[in-house]
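Listed here are the chains, written in short residue letters.
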Amino acid sequence: MDFSFTDEQQMLLDTTRRFIAERYDFEYRNRVRASEAGWSRETWDGLADLGVLALNIPEADGGIGAGPVGSMLVGNAIGEGLLLEPFLASAVIATQAIVELGSEAQRAAWLPPLASGELIVVLAHDESGTDNTTATRDGNGWRLDGRKSATYHAAAAQLLLVSARIDDGTLGLFAVPSDSSDMTLQPCTTVDEQPAAAIRFDGVRVEADARLGDDATAALQAVLDVGLAALCAEAFGAMDRILKATIEYTRSRVQFGVPIGSFQALQHRMAEMLMHLEQARSMAYLAASSCSDPDPAARRSALSAAKALMGQAARYIGQQAVQLHGGMGMTDELDVSHYFKRLLAFELRCGTTDQHLEAYREQLQVSA
Amino acid sequence: MDLNFTPEELAFRDEVRGFLRARLPRDISERMHRGDHSHMRDDIENWQKILHAKGWGAPAWPVEFGGTGWSKTQQYIFETECSLADAPAQLAFSIKMVAPVIMRFGSKQQQEYFLPRILAADDWWCQGYSEPGSGSDLASLKMKAERDGDDYVLNGQKVWNTLGQFADWIFCLVRTDPSVKPQRGISFVLIDMKTPGITVRPTKLLDGSHEVNEIWFDNVRVPVSNRIGEENQGWTYAKFLLGHERTNIAGIGASKRELRRLKQMAVNQPKGSGTMLQDPVFASRIAQVEIELRALEITNMRVIFAEAKQQAPGPEASLLKIRGTEIMQRITELQVDVLGAGAVAWAADDESSRATPTYLNQRKLTIFGGSNEIQRNIIAHMILGL
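Going line by line, the protein sequences match chains A and B. Residue numbering for the first sequence follows the working numbering, beginning at 1 and increasing consecutively. Residue numbering for the second sequence follows the working numbering, beginning at 369 and increasing consecutively.
Certain hints may be false.
Stated by the list, open to error - Listed below are the simulated EDC-like cross-link pairs for lysine to aspartate or glutamate, each with C-alpha atoms no more than 20 Å apart in a straight line:
(1) B:Lys677 / A:Asp7
(2) B:Lys422 / B:Glu383
(3) B:Lys624 / B:Asp454
(4) B:Lys422 / B:Glu377
(5) A:Lys341 / A:Asp7
(6) B:Lys464 / B:Asp490
(7) B:Lys440 / A:Asp2
(8) A:Lys244 / A:Glu272
(9) B:Lys677 / A:Asp2
(10) B:Lys562 / B:Asp491
(11) B:Lys639 / A:Glu358
(12) B:Lys512 / B:Glu582
(13) A:Lys341 / A:Glu193
(14) A:Lys341 / A:Asp354
(15) B:Lys639 / A:Glu362
Unchecked claim - Label pairs and their calculated CB-CB ranges:
(16) B:Glu480 / A:Glu272: 14 to 22 Å
(17) A:Gln264 / B:Ala457: 29 to 37 Å
(18) B:Asp370 / A:Arg165: 32 to 40 Å
(19) B:Leu378 / A:Arg165: 40 to 48 Å
(20) A:Gln323 / B:Pro591: 54 to 62 Å
(21) A:Pro58 / B:Ala676: 31 to 39 Å
(22) A:Val366 / B:Pro570: 32 to 40 Å
Simulated from the structure, these hints should not be mistaken for laboratory data. Just so you know, these numbers come straight off a predicted model, no measurement behind them. Where a beta carbon is used, it is the ideal one built from N, C-alpha and C, also for glycine.
Just chain A, with the same shape it has in the complex:
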């Protein structure tokens, strides 16, 4: 049992935090949010210079290989700063998919430019309802049809990794260049202010070498689990920051001649927020240390426990932070409402709180 971080891990956290503090304050973020792309190339290049985009690339492939704990610490910092750049989508999830499923040639072609920030890749996987994406053999290659629901940072990507059902019952993962014909992006902005797009494939043709690995079912689940742990880390960073802001606010906001933080009703609320936060921190640790567990059942159980508890913590902390900020918590002007929306998206993404609670419930067993 050891809850310390290595010097390298601590340095990674410190440098990322410092970079964000110096380069990504709330006003800067507002400008990024208002820009056409909705994310900052300048920040992205800065993150690449820090090595943050190479975290999930193994050393053998020229990366840093910092593992889930490294992703967790950087994720914390990104959540604290509410970054709008595709760290999770490209540097964690898509990178992990290429590492897990890519051939030698695919790794060699994509990982170095991913590390340098020149290439952005996004996994297009989520579908709503009956929009099943299928892949049909077409000569030597494949033809893709179907839809994907709002995919974070799809418009920023030069390459999409598209999951598609094949008629033999397996799941394929296909690399699709963003300029492919017969593919349509329908852009939107998510509730947490990140650019996203729904994607439609109308017979998109790709060559045989566009496929990553064979049946991607198990590997893709492993990739999504690594992504879920990193998402939890971002959410923790946001919860941590919003609680600190709330404590600060109640210490400085004076009503009835005293700081409102001197009132016991509010103190107990914040004590409750802190307990949610500390339990959430424990679960972010659990998610990071379980997300690469080769036993899928143990991994899923730990991650569902983590996501369910952290989703509840996010809701409590987010709602109470807005409440304790009073009218100011309702404004667009203060950062609190933006943290609140980031946490709402966290609750709903990658399996909702209820879905993970249900998944955990279904595997409940009588212990020995």
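For chain A, the structure is supplied; the task is to place chain B on it using the hints.
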């Protein structure tokens, strides 16, 4: 970062498990499992003697006083495994409360006399802190101790004396100077329960149990040599003691044991064509508490890890107390709910005869040891700086 126990810690856990299998008397663990408290004094004392013979009588004590030299993690593993094996909890008033005060502030004679007797279960200790008018506001206590030669003469009343009916000794906070700020006029004294003038009366609780007492002191003479440390410094010693009451404050082992029992009860309880563990609504409630317990286990280990580096238990103990007691209470609620109407007839000779009174009894958890509201105040002041 590594959330798993080290190979050495796992080996230690196996050693504890092996010891419990071999040496924990079956009749004791079965009574504990049934919630049968009819032999409580003998069970606790006999188990303490077995632990003492093994050299494990007081895991947290320094080796010089007969402790084990175990790390905080080892102590945590030991307590968790004991709980999971249905061993009686060691008497906290003796081992975790008065003993550390005697070690730190007591005289050499006090240490030499009392500590070996505590280890060997020769003496049973109870606590005399709360009074009818002094609960959360403990420093307002009024029990008088007036100097008369080499004795103090004690007059007053203590309440909520847990298992005081078995006690050979009681440690009390008493008022030695009523003229100063409340915290400044308190002394910490050790009193032989056989002294004339002491009357112990049971306080019957809602579950029908006789667990606590009120104790009356009527001109009770206590030698001044039974005072701990300096006169009027008792509040300092009491605060020191509070820090030591908290090493197992989250009660992870006990909650795991009761969760295990709850799931077994749910499997045994039919619902439609299946069981209560398959009922989505009820199983969701179990899942919820299991998830929170899983998180608290990690939080607890984080606190242990931090303590091992900085020594004294910090205000994080308040967090463990609040969440740990809430979780245990929710488990006992579910143990009643799973039985449904069957839990109403608590005299029946089945699970309901344990589950219902246990639920009632465990409401105490969020009240004693500093109520959970007081703990929230501590978090607000000490951690949040409000």
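Results for each hint:
no.	hint	in the structure
1	B:Lys677 / A:Asp7	holds, 17 Å
2	B:Lys422 / B:Glu383	holds, 12 Å
3	B:Lys624 / B:Asp454	holds, 11 Å
4	B:Lys422 / B:Glu377	holds, 19 Å
5	A:Lys341 / A:Asp7	violated, 33 Å
6	B:Lys464 / B:Asp490	holds, 16 Å
7	B:Lys440 / A:Asp2	holds, 13 Å
8	A:Lys244 / A:Glu272	holds, 13 Å
9	B:Lys677 / A:Asp2	holds, 11 Å
10	B:Lys562 / B:Asp491	holds, 12 Å
11	B:Lys639 / A:Glu358	holds, 19 Å
12	B:Lys512 / B:Glu582	holds, 16 Å
13	A:Lys341 / A:Glu193	holds, 8 Å
14	A:Lys341 / A:Asp354	holds, 18 Å
15	B:Lys639 / A:Glu362	holds, 16 Å
16	B:Glu480 / A:Glu272: 14 to 22 Å	violated, 47 Å
17	A:Gln264 / B:Ala457: 29 to 37 Å	holds, 33 Å
18	B:Asp370 / A:Arg165: 32 to 40 Å	holds, 39 Å
19	B:Leu378 / A:Arg165: 40 to 48 Å	holds, 44 Å
20	A:Gln323 / B:Pro591: 54 to 62 Å	holds, 58 Å
21	A:Pro58 / B:Ala676: 31 to 39 Å	holds, 34 Å
22	A:Val366 / B:Pro570: 32 to 40 Å	holds, 38 Å
Checked against the numbered hints given earlier, this structure breaks hints 5, 16; the rest are met.
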